[in-house]
Structure formats: C-alpha cells, structure tokens
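Please build the complete structure, drawing on both the sequences and the hints.
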Amino acid sequence: MDYGFVKKTELEFDSALKKIEEELQKEGFKILTKIDVQGKFREKLNIDFPKYMILGACNPELAHNAISAEWDIGLLLPCNVIVYEKSREVWVGVMRPTAAMAVVQNDSLRGLAAEVEAKLKKVFDGI
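When we follow my numbering, the leftmost residue of the sequence shown carries the number 34, and every step to the right adds one.
Read the hints as simulated data drawn from the structure, not as lab findings.
Beta carbons are placed, not taken as given, at the ideal position from N, Cα and C, and that holds for glycine.
Hints are supplied without guarantee of correctness; some may be wrong.
Said to hold, decoys possible - Restraint-style ranges between C-beta atoms, simulated for each label pair:
{"#": "1", "residue 1": "D158", "residue 2": "E45", "range": "17 to 27 Å"}
{"#": "2", "residue 1": "P93", "residue 2": "K51", "range": "16 to 26 Å"}
{"#": "3", "residue 1": "N79", "residue 2": "G107", "range": "31 to 41 Å"}
Listed below in structure tokens is the structure:
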C-alpha cells in the first residue's frame, strides 16, 4: 500500500487503541478527533460493522509549520491513524504524509512531510 503502513497486531482492539495513543503521545501527537465508524454505521445506516476507529492525530508544532508554509494544507490535516477488527484479527495503520503531500506543489513541505512520516513510522513500529 502506497498511502499508509498497516499491520496485524496480537493485541485486543481496546489494547491496540490505547497502545497507539500512547505511542502517538511519545512522538508529540495529540488526538484531535475519534471517529467510531462501527457506531456511526449503526446509527446512520442501521448496519452491523466490525470495530473500526479513525483517530485524527496532530503534532501541533509540525502542523503550525505546515500551515505557515501553505495555508490550504489544512485540507490534508490531521494525520489519520486507524485501528480495526477484521476476521477476528486486529489491525493498525498510519497514513504516509509523504504520499498525501505528493499532490502539493510546495517544496518546503516535502521535508516536513518526511519528518512527520518518520515520527508516525516510529509510532507504527511501537505497536
């Protein structure tokens, strides 16, 4: 997959969610949003769906640098992180900012995207 890092974990869903939040914090990320996809699909579509959580993670200092370099970059923020159950297995994933920033024509953001990606890769590797 070109736009993210995804892997199966031996952790239970809630433990994986807690662990990824801890790892994000170690790298200076805060959770801005939590989207409970399972709950939203049940509420809006009346369907059963496995556990699936999307976290909107933000490193405030790096986000400030990105927005200062290009105001419209907020369209690509925050960094999404996922935890989900599929076939009784728990998976975690983080986006690749370098892939998201590939559409941006601002060279000053390429290095910043690589810096953010390196931090997210550490989070991913910590799971």
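Evaluation of the provided hints:
1. The given range of 17 to 27 Å is respected by D158 and E45, whose C-beta atoms sit roughly 20 Å from each other.
2. Look at P93 against K51: about 22 Å separates their beta carbons, and that is inside 16 to 26 Å.
3. Between N79 and G107 the Cβ separation comes to about 33 Å, which falls inside the hinted range of 31 to 41 Å.
Taken one by one, the earlier hints all hold for this structure without exception.
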